[in-house]
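Just so you know, the protein sequences line up as chains A and B, in that order. Residues in the first sequence are numbered consecutively from 536, following the working numbering. Residues in the second sequence are numbered consecutively from 317, following the working numbering.
The set of hints was computed from the structure by calculation and includes no laboratory data. Wrong hints could be hidden among the right ones.
Once the Cα atoms are required to be at most 27 Å apart in a straight line, the calculated DSS-like pairs of lysine-lysine come out as [to be verified]: (1) A:Lys698 - A:Lys679; (2) B:Lys371 - A:Lys689; (3) B:Lys539 - A:Lys679; (4) A:Lys689 - A:Lys667; (5) A:Lys667 - A:Lys600; (6) A:Lys541 - B:Lys600; (7) A:Lys688 - B:Lys371; (8) A:Lys637 - A:Lys688; (9) A:Lys667 - B:Lys539; (10) A:Lys597 - A:Lys689; (11) A:Lys673 - A:Lys637; (12) B:Lys344 - A:Lys667; (13) A:Lys597 - A:Lys678; (14) A:Lys600 - A:Lys637; (15) A:Lys678 - B:Lys600; (16) A:Lys689 - A:Lys637; (17) B:Lys600 - A:Lys600; (18) A:Lys541 - A:Lys673; (19) A:Lys637 - A:Lys597; (20) A:Lys693 - A:Lys597; (21) A:Lys600 - A:Lys679; (22) B:Lys371 - A:Lys673; (23) A:Lys678 - B:Lys539; (24) A:Lys541 - A:Lys679; (25) A:Lys698 - B:Lys371; (26) B:Lys371 - A:Lys541; (27) B:Lys600 - B:Lys517; (28) A:Lys541 - A:Lys678; (29) A:Lys688 - A:Lys673; (30) A:Lys600 - A:Lys678; (31) A:Lys689 - A:Lys678; (32) A:Lys679 - B:Lys371; (33) A:Lys698 - A:Lys597; (34) A:Lys637 - A:Lys679; (35) A:Lys673 - B:Lys517; (36) A:Lys667 - A:Lys679; (37) A:Lys541 - B:Lys344; (38) A:Lys688 - A:Lys600; (39) A:Lys667 - B:Lys371.
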Amino acid sequence: MSILNKFRGKSLWMLHYCTGCGAIEMPPVMTSRYDMERFGIIPMATPRQADILLITGYLAVKTLKRVIRTYEQMHSPKWVVGFGACTVNGGMYWDSYATIKKLELYLPVDLYIAGCMPRPEAIMDAFIELRKGISSGKYEGWKKYIENYDWYKKNQAKLFDVKKWSVNYE
Amino acid sequence: MNINILYAALAPIVAILLGLLYIGIGRKIIARLQRRYGPPFYQQYIDTIKLLAKKTVSSHGVFFSLGPIMGLAGSMVTLLFIPFGSAAPLLSFHGDIILVMYLVVIAPLGMALGVGEGSNPNGSIGMARGLTLMLAYEVPFVLALFSVVLYTHTTSIAQIVQSQAGEWSLLKFHGFNWLTFALPISAIVADICLQGMLGEKPFDQVIAPHEIASGPMVEYGGKYLGMMVINHALHIYIETALFVDIFLGGGPVWFFIPATFSVFILSLIINGVLPRFRIGQALKFYWGVPLILAVIGIIYTMVVIK
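Extracted from the complex, chain A is given alone in its bound form:
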C-alpha cells in the first residue's frame, strides 16, 4: 500500500473552509505568487472530491456543525489541517463564548500551522510536510476518527445535539 501512499501524497485536492480571517492568506498561495499547483495541490469545489480539509481560523459552534458534516461527506483517506492559532488553542478568541477552542477535540487534526496569521511560506511548508507525511504513512487521522468515533461524538454532543446533525458513517 506504500506505493499508493506515494500517489496520494503527490495529488492533494483541497477543500478550504474559509470563514476565519486566515482565508486572506490563501489567494497568494493558490495563484501565481506561490503557486501550490506545482506540488499537485488544487482547490476543489465540493467535499466529495477533496482530500484535505483546510480550516482557516476560528470556528463558531454554528460553523463547527457544518465542518463536521463536510468532513463526514469526504471520501477517505482524508486529512484535516488546522490553520492559525485559533484552531490550536482559541488564539485571540480564547475567552469567547461562541467559538470552540481546540479543534482536535471534535475532528482528527493531522497538522497544525501555527501563527496569527501564518505567512504563505508557512502554508507551503506545511503542505510539503503533509506531502512527506502522507507518502510515508505518518498521518492517518481518518483512521483515528473511525476508531474513536464515540469519543469524538461525545465531545461534539457537549456543544450541540449530535443526533440531529450527524450523517450515517460506515
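Chain A is already provided as a structure; the job is to place chain B on it using the hints.
Relative to chain A, chain B alone:
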C-alpha cells in the same frame, strides 16, 4: 478475429494515456500562461491513480453508479469508429460519420442519468447546461460536416481520410490536399464548435466550479470521479482525433499525435485568456455567426464542386 479483439482492447488504453498526457501538458501550459511554474506533465496520471485508490465509495443508488460506467462505455464504443490517422478503424462503413455524431451524445446522457439520481441541484443545473450547450454547438457542427460529405461524396470517416491522402515523408509536406484548404470556412466553424465540445472557456458553463460547484461531478468522488476523469481524457482524444481525421487529413502516427495535441492546445490557449459565457449567451453565439458561416460554407462547397 484475434487482431480485432486486440485492437478493441488496446485502442481505449492508448487513447486514455494520450488524453491524460494532453491534459497534463495542458495544465503546464496554462500555468506558464499565468506565469506560474505549474505541475509536472505526469500530474494527471497521479491524480487518476489517486482517485481510483480512494477507499470510501458513496453511492446514491444503482443509476448513480451506472452513470459514469455508461459514459465510459459510450466513449469506448465511439473510439472504435475513429481512424487513428491513416490507419483504418476497427468498424467502418458508409454512414458512420452520422453514427459517431449520435454515439458522442451517449456519454453526456449517461452522466445525466447518474446525476439525476444524485438529486443535487448543482448537478441538475450543470446537466441542463450541458444538454443546452450540446444543442447549441451540434447545429453548426453538423452543417460543417454536411459540407464535407458534399465535397467528398462519402459518409465514411475512413474514406474521408483516404480522400485527403498524399505521399507522406519527413522531408515532403503533403498537406495541400487537406480539407482545411479545400473548405476553409467549414474548418473554422468546426474548430469553433470543438471549443464547446471540449468544454473549454468560454464554453465551460457545464463544470463552472465557481458558480455550480463543478456541475455534474458535484456528488461524485473517489472511484466514480476517477472514471469521469478517464472519460474526459477519452473525450478529448475522440474530439481532437475526429477534427484531425476530417480536416487535417489524418496522416501517419508521427503526424497524427502532434496534430491532435496542437488542436487541443489551440483550444486550451483560447481557454486560458477568456472568461465564461452565460449559457444563454453561448446558445446565441453558436446560433449566430458560426451557423451563418456554416451555411456560407455549404454554399461555397456547392460552388466549388460544380
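Hints, one by one, checked against the model:
Distance hint between Lys698 of chain A and Lys679 of chain A is fulfilled; the C-alpha atoms sit about 21 Å from each other, no more than 27 Å. The suggested pairing of Lys371 of chain B with Lys689 of chain A holds, with an alpha-carbon distance near 26 Å, which does not exceed 27 Å. Taken as a hint, the Lys539 of chain B and Lys679 of chain A pair is honoured in the structure, with Cα atoms around 23 Å apart against an allowance of 27 Å. Straight-line distance between C-alpha atoms of Lys689 of chain A and Lys667 of chain A comes to about 32 Å, which puts the hinted pair past the 27 Å bound.
Between Lys667 of chain A and Lys600 of chain A the CA atoms are separated by roughly 30 Å; this puts the pair beyond 27 Å, and the hint is violated. Restraint check for Lys541 of chain A and Lys600 of chain B: not satisfied, since their Cα atoms lie roughly 47 Å apart, outside the 27 Å limit. Pair hint Lys688 of chain A plus Lys371 of chain B holds up; C-alpha atoms about 22 Å apart against a cutoff of 27 Å. For a cut-off of 27 Å, the pair hint linking Lys637 of chain A to Lys688 of chain A stands: about 15 Å separates their Cα positions.
At roughly 24 Å between alpha-carbon atoms, Lys667 of chain A and Lys539 of chain B fall within 27 Å of each other, so this suggested pair holds. Distance restraint check for Lys597 of chain A and Lys689 of chain A: the Cα-Cα separation of roughly 17 Å lies within the 27 Å cut-off, and the hinted pair is therefore satisfied. Between Lys673 of chain A and Lys637 of chain A the CA atoms are separated by roughly 22 Å; this keeps the pair inside 27 Å, and the hint holds. A distance of roughly 23 Å separates the Cα atoms of Lys344 of chain B and Lys667 of chain A; the hinted pair therefore holds under the 27 Å criterion.
Taking the CA atoms of Lys597 of chain A and Lys678 of chain A, the gap is near 26 Å; set against the 27 Å cutoff, the hint holds. Restraint check: the Cα-Cα separation between Lys600 of chain A and Lys637 of chain A comes to about 15 Å, which is no more than 27 Å; the hinted pair holds. Distance hint between Lys678 of chain A and Lys600 of chain B is unfulfilled; the C-alpha atoms sit about 51 Å from each other, more than 27 Å. For the proposed pair Lys689 of chain A and Lys637 of chain A, the alpha carbon gap of about 15 Å is at most 27 Å, so the pair holds.
The straight-line distance between the Cα atoms of Lys600 of chain B and Lys600 of chain A is roughly 44 Å, outside the 27 Å bound, and the hint therefore fails. For the proposed pair Lys541 of chain A and Lys673 of chain A, the alpha carbon gap of about 12 Å is at most 27 Å, so the pair holds. Pair hint Lys637 of chain A plus Lys597 of chain A holds up; C-alpha atoms about 15 Å apart against a cutoff of 27 Å. A threshold of 27 Å between alpha carbons decides the hint, and for Lys693 of chain A with Lys597 of chain A the separation of about 13 Å falls inside it, so the pair holds.
A threshold of 27 Å between alpha carbons decides the hint, and for Lys600 of chain A with Lys679 of chain A the separation of about 19 Å falls inside it, so the pair holds. Straight-line distance between C-alpha atoms of Lys371 of chain B and Lys673 of chain A comes to about 17 Å, which keeps the hinted pair within the 27 Å bound. For the hint pairing Lys678 of chain A with Lys539 of chain B, the CA-to-CA distance comes to about 19 Å; that is within 27 Å, so the pair holds. For a cut-off of 27 Å, the pair hint linking Lys541 of chain A to Lys679 of chain A stands: about 21 Å separates their Cα positions.
Restraint check for Lys698 of chain A and Lys371 of chain B: the C-alpha separation of about 26 Å stays at or below 27 Å, so the hint holds. Only pairs whose Cα atoms come within 27 Å are accepted, and Lys371 of chain B paired with Lys541 of chain A is accepted, the gap being roughly 15 Å. As the CA atoms of Lys600 of chain B and Lys517 of chain B are separated by approximately 16 Å, the hinted pair is consistent with the 27 Å bound. Restraint check for Lys541 of chain A and Lys678 of chain A: the C-alpha separation of about 18 Å stays at or below 27 Å, so the hint holds.
Between Lys688 of chain A and Lys673 of chain A the alpha-carbon distance is near 24 Å, which keeps this suggested pair within the 27 Å criterion. With a C-alpha separation of about 21 Å, the suggested pairing of Lys600 of chain A with Lys678 of chain A holds against the 27 Å cut-off. Among the hinted pairs, Lys689 of chain A with Lys678 of chain A is consistent with the structure: their alpha-carbon atoms are about 17 Å apart, no more than 27 Å. Note on Lys679 of chain A and Lys371 of chain B: the hinted pairing holds, with a Cα-Cα distance of about 15 Å set against a maximum of 27 Å.
Restraint check: the Cα-Cα separation between Lys698 of chain A and Lys597 of chain A comes to about 15 Å, which is no more than 27 Å; the hinted pair holds. A distance of roughly 17 Å separates the Cα atoms of Lys637 of chain A and Lys679 of chain A; the hinted pair therefore holds under the 27 Å criterion. Distance hint between Lys673 of chain A and Lys517 of chain B is unfulfilled; the C-alpha atoms sit about 40 Å from each other, more than 27 Å. Between Lys667 of chain A and Lys679 of chain A the CA atoms are separated by roughly 19 Å; this keeps the pair inside 27 Å, and the hint holds.
Restraint check: the Cα-Cα separation between Lys541 of chain A and Lys344 of chain B comes to about 21 Å, which is no more than 27 Å; the hinted pair holds. Between the alpha carbons of Lys688 of chain A and Lys600 of chain A the distance comes to roughly 12 Å, so the proposed pair stays at or under 27 Å and holds. Only pairs whose Cα atoms come within 27 Å are accepted, and Lys667 of chain A paired with Lys371 of chain B is accepted, the gap being roughly 20 Å.
In terms of the numbered hints stated before, the structure departs from hints 4, 5, 6, 15, 17 and 35, listed from lowest to highest.
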